[in-house]
Amino acid sequence: MAVQATAASARHAPVFAMKGVTKVYVMGEVEVYALRGVDLELQEGEFAVLLGPSGSGKSTLLNILGGLDRPTAGQVTYREGDLSEAGERALTRYRRRHVGFVFQFYNLIPSLTARENVALVTEIAGDPIAPEDALALVGLKYRLDHFPSQMSGGEQQRVAIARAIAKRPDVLLCDEPTGALDISTGIAVLGALEKVNSELGTTTAVITHNAAISAMADRVVSLADGLITSDVRNSTKQPAATIEW
Amino acid sequence: MRALDRKLLRDLWNVRSQVLAIALVVSSGIALLVMAQGVFGSLLTTRDAYYTRYSFADVFAGAKRVPNWIEERIAAIPGVRQVQTRVVVSVSLDVPGVTDPINGRLISLPDRGRPALNDVALRRGRFLDPDRAEEALVGERFAEAHGLDLGDRLFAVINGRRQPLEIVGIALSPEFVYGIGPGELFPDPKHFGFLWMTRRHLATAFEMEGGFNDVALTLTDRSPSLERAVIVELDAILDPYGGLGAIPRADQTSNWYLQNELTQLENMGLLVPLIFIAVATFLLNVVLRRTVAVQREQIAALKALGYSNVRLGVHYVQWAVVVVALGALLGIGAGLLLAEAMLGLYMEYFRFPLLIYSVSASSILIAVGVSLVAATVGALGAVRSVVSLPPAEAMRPAAPETFRVSLFERLGARRWLSQPARMVLRNLSRRPVRAGLSIVGIAFAGAIMVVGSAMMDSMDELLEVQFNIIQRQDLSVSFFEPVERSAVHELAALSGVLQVEPTNGIAARLRNGHLQKQTAIQALTADARLQRVVDVDYRAIRLDRPGLVLSTLLAEQLQVEPGDTLMVEIMEDGRPVREVVLTDTVDDLLGVTAYMEQESLRRLVRRDDTISGAMLKIDALAEERLFGLLKAMPAVAGVTLRSAALENIQTYMLDNMSMMMSVNLLFAVIIAFGVIYNTARISLSETSRELASLRVIGFTRGEISSILLGELGILTVASIPLGLLLGYGMIAGVMSAFESELFRLPVVVDPNTFLVSAATVLGSMAVSAWTVRRKLHELDLVAVLKTRE
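Residue numbers (my numbering), protein chains in the order written: chain A, 1 to 245; chain B, 1001 to 1789.
Calculated from the structure, these hints are not laboratory results. Heads up, the beta-carbon is just placed ideally off N, CA and C, and yes, glycines get one too.
Some chain A residues close to chain B (C-beta under 10 Å, calculated; not the full set):
| # | residue |
| --- | --- |
| 1 | Gly66 |
| 2 | Phe101 |
| 3 | Phe105 |
| 4 | Leu108 |
| 5 | Leu120 |
Facing chain B, a subset of chain A residues (Cβ under 7 Å, in silico):
| # | residue |
| --- | --- |
| 6 | Ile109 |
| 7 | Pro110 |
| 8 | Leu112 |
| 9 | Glu116 |
| 10 | Val121 |
Keeping only pairs whose Cα atoms sit at most 25 Å apart, straight-line, the calculated DMTMM-like set for lysine to aspartate or glutamate is:
| # | chain 1 | residue 1 | chain 2 | residue 2 |
| --- | --- | --- | --- | --- |
| 11 | B | Lys1775 | A | Glu88 |
| 12 | A | Lys141 | B | Glu1401 |
| 13 | B | Lys1775 | A | Asp69 |
So that you can see chain B by itself, here it is in the shape it has in the complex (with noise of 0.2 Å):
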């Protein structure tokens, strides 16, 4: 090793503690950007495997009933590649031992081999044998979630009688990645389940012999324009069959549930990192610096030596590269392993049936490479003064630092201030930028604090608008088919309901021009109570005059304004095009949605005053009785219960959001630590002779280090405003980052996400403080008189 070299790791040795400082802050961001990157391409390389092997459709459709030979019209359509036609139903499910109600879904495989399309994953058991009716595979999480086996027994409410059903098999399926059932945000296995039946059994079960519901299809070529051919085709063939309208792969719900996230992770994985880095980057520019003026008589020697300017560049350049690679093999180990956690917990929500671990390594070089050559020019930048200098210039101490009455001071302050205060304010103004960047630096500690709560504020805001001001129902009742309103007074006679509301919904595709977008018109009544639209400031819409209600989001993508005219497609009974205006729009927070008062629905698709379910509030002690005699209706297709919703949703927010959060929380540790903790060793090593002349002349200890942290306390607490400020925006440019269909997350910051910020900052300097304080506690008094700096 040459000597140069030794010197090298001599003088990394002696600052090691803020070597592994910056090294940590430059691993944060690393591990950071390696997790997203992991856990994105792991789930984008396994998806698309998944997507592959088991023939995920491009093209899917629903109709009510069509008859078997029409699936060769289909599969003549041009562009079309391989058709799969089923019979996919809604029912009700009985577990034995389950009170709650639970809905599910039982779709149809063919009697003989498998699915030319949408082909299921079997996890454990056997296929279906045709020749026994009440075989079924199950949805893996539906089991897991009841504990069902192999051999268990469940039963299918349909038209009022229940038909048992024996698990054979535990499955998956590419088209229930994201398994949720309708109008349900997150899965919720407990109350949601699929389950897969012989096409024959289940379709006399249904009364669909000859004939099938659903079809999915493969294209020759995923082209855009092919696409939107075929469906046109798809949608004139199963029109007069009551077609609900095609949808593309990229509209699928589990599908868009999937590319939502990864978009999400894509986005996500580039920010922050980036904010960890520049902050390493200014770490190692000062902490070279320093380290650089303090060798100033060494480098000068180095070069009476012979050493060249550029061999004494490359030196610092080489201090700088061994932080950076230290912390890039410590994120990039740590990076993985947070992946692999990361992907452990999206595999409790998106289920696959194999796993592909997948790291760009591309991306990780970038990163790097980009520390890398961030930490080369601070370097540089330190060390370029004194390289320039002659040597026999450099040998001699540097100038004196000038210092001047701080503008503080000038405004008036001076006379109230004592001798160490004044140290303290001169020391900062002295360096206003280091000084600025400091306090940046720590700030964006309390702003990573800031957006780790805020999720999880927001998200609490988000549950209290939608469970507590827009449904107050306990729970709502669908139907097989719409039903007669009367319907209401049966439901309100049953025993222990205590009010009823009638919705309705229909399927349809809203036009404007060219823009189109496939939705649900919701239809409530004018003075609904149970349900209700709900604007940005949480107030009630009354929807009582006739047209349409849209959310503002959805009127933005068909770029319309309440007053323009719209054109809605019914999705059945041959599909009627009417006129509709737009009345209002609504900034809700959860889906796109059309609303409109049943009166004016009921006459637009000119109909039997139907409705197609309703919303109950019942008696908490007749709940378990109230289930029962529902379910035992023939008509009723599902019930769901608004408290199993949202408990679903508050443990996939606690199982996923306190990972995050701790994940955050140690990262912003990190970050304010690695300021804070530099930034004293510096002031205490540019310091540290004043510091000891302080002591030899009869200060106390705690009153130099009064000085010292007194400094460090200025720049925390001046970060803490700026680091809320910064959360503050960094949360609402996330929140429109993840602003898409399916839900809006309002910016809301609560007051204890602002005190655990400015408490974790405040912690992280009282530990560096303690830290330094030792330092402190161990100055050579008597060295300090002997020599010159």
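In isolation and in its complexed conformation, chain A is listed as follows (with noise of 0.2 Å):
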């Protein structure tokens, strides 16, 4: 498997390299490592899936690499920028440009209907997807003008992600998308993603504890205390709506 990830990189150059990240938070007199050393790069296009328990560093990855949080020591580099040494402004432009986020509490702005949450984005982005399409992308073009009140979770969580994509991220930055849904709607969020990957190539990381997922990525990289334990590719991709837990 190593061989084929290797001859993979050989193809590609990756967009994400991260070598040697370590990650220690100090919770008041104790130090906590979060990240003890991990190598890993991102291929583009590849749909990845970072599979662990809580605690195990997943997150604290998943932050560094979408420029939220920046590691202790080691090195990040974004196609050819260095993520570790980049400052607030430069972080902020990464996020603006290159990042779409998708949470696992949606975090949409309940003062915002569907269309105006991805408006937010494509206002300011280069060359974004009307945020009609995005929605459509997502299976919602009938909740255009619907406040996040006034729709289920699987649909909040549905235009989070038409709002990730709509500006046209290189990559796509998923925390637990389905940790506070059930599985239909959980199934119909990653049918999503899937659709956004295949149809859009947009290089997608999704971090849960939900082993199943794994299923349906091209990749997946495995978590425990910080170090990475397994990083296994996919023979064969599962469609997301045969996914079952």
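Could you use the hints to bring the two separately framed chains together as a complex?
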């Protein structure tokens, strides 16, 4: 498997490259190691699932990839740019131009409708997808003018996905996107992610503790206690609609 | 300490800057109240003690010359307890080294012992030695104004003769707490002074031996009916001796001004503090509602642990009580300090030999009590909705806020607005009552600023009218006795005099049925140019018809309208009573006056063509020499400079108003900052999750700041016109409350006042925004993604 991964990286330059990334949180007088020297590369167009129990460091990894946090040690590069050395302004610009986020609790703006939540991003992006098209892509073209309080959790999460992809991000980072949802709505959300990955070719990283989701990934990276314990490429991808848990 | 009390203290500590901001608003209200009550109470107590200790009289009367034996008749009037007769004369004073004309009043003290009434309080030096003719006591303010000390000499110009006086004592008197000269509004100790001399020597100098021209008495009780009866009797007794009409204590000049000031203080002490307390209550309610909403799950957990609704209610009420108590402590302290500073200012203008600090504890307790009750009600309202939920339900997060498209957007603005702008509008329109109250709260800050500065604008306008439109003479001369009209030519012949206009005045009592008013009738020539009668639009009124023109306020008091007939009792020469038609009323600003054309007045009093004074326009270069010439004229009793009067008033205003302005500015900033800062913190607390989400998806700090501050900006900008309007309304209210016989302030607001008010509010907003922006920079982007609100 490792050989295949190397072959893949030979074909494409990696989107992300992490080398020896360590993250230490100082909690009072205790130092907590969230990541302990992680090396990882993500390839163009790849659908990766980062799997691990809570406390494994997967969220920290995603936050560092997304420019929300900086490593304590090690290097993170996004294409040619060094994220580990970037300042506050540069990280904001990076998130604005290149990253789409999807969160466990959707983080929609309650005072804006579905369309307006998406427009929030398209108004500040360079070459966006029209909000209506982004919402159609996630199956919400009939819910354009609903406020978050008028939609179900699954619908809200799909609005969040539409909001994340509308700017045509280079990477889509999803933190437990189905964590607050039941199975059927969770599957609909995963279907939306699958569709975005295949139709737009957006590099996607999903972190989850739900092993069932790994079946739909190109590649499954497992973490435990701040270290990568396995990095596996799926030979066959299972469609999201057939996943069960 | 119980666990819940620890929670209370830590919760308060967490929002300490908001707690402090609210406590400051509470403290401003209480400080203003304590200040007003403290000044009022202290002045009242001090005045009463002073009047009692120095035997201030109940009734006062002047006459031309009354033989001494009449005193027994006066003492025999039923209801009279004590009588004090005196000799009182107006003179010109000459202080070595001073060229400006100075007017003075010499008052006699008994040859032996102390006066039974209107005693003097010796501040320094000693009482008069009856054997030494030149000794005098001088009033304290006059001595201070001229740097006079014991042993210094000055001169009273009596009938053109300079009578030297040696100062042996510096004194105060309950008669001259507010020591103004005739026709003055503010004490001007540089140009007017009170002096006391031994009766024997004063009478000799003024040919008043064996007689008196002034009497004061106290009554057995101070009932109005007795007072009226005694005044009628006294007038009848003094009538043959040129009695000028007796007046009760209430109309005695110094006491009248003092009473006026006390009434104003009493009224002012309530309204403004109430505004502050109302605003503080609103802020407390908003902050508590937010606290309770954030702590919804904690409250549910506490209930699940067995805490009762009442105990939890008390917990949040304590929250409010701590804030009010903090504000009350600060407010009482600041109020006492301010009261002392204000009293210091008052002591410059109202002179007492003693000062008794007196702050009514009950009024402070009432203010603190009202604040506490208001805060408690606000707190209970906030906590009720949460404690009434069953714990299981309360432990679940509250349902998401529902929003709708705002009215403004539905009217068609929607497509022009960016998403952040829509967020701002919808956040505001979701809580219209709160937004409205915030606007009103901030508007009060603007209004307070307008009121503070507009007082200055009105005073400026008053001075402009009084000293540029009405009075245009450089100086006015008054004579001891009416002199022949030909004196005008003598004055005009003095070199340096450019223009002379005669004036004439008589003391009179105007009567309409049972209503009556003692005043002076001022007679001007029909074509007077140096002193004019001016109406509300500042147009000169020509006195060309026979009859009276009255100040509107005076006409109202007498319930007469133009065309009506008044009875005029002339307070001299047998007190004849005549009928006079009221020809016009005039909305003048200063004093209450009756005007008449000079020839009409002459016919009314049926006497020779005399004048009692003159207005002069002079060549500034000849000023000094002219003062000397005028002083040397035996008939001249006093010379008043217009410029000196104006300067004196301006100094007074600068002293008094600048302190009031600073206090107002401070309080306006506190209230503006209190409201804006709290509004900002609450909306930050409510939207921090949204703002952090926006930061995560790539919005810059500047962009999210503009969302939060946009909300503040809209509230602040909306409050400005309202504040200006409120301020205008308040100043109109204050002015009509101030309307008195002393002056009517015109409601004038300079555009600069509006600008300063708006700038203060915007400045407070900028500071609040800057403070909150720092909090925005500390938003925890990661934490917000991991939690549900």
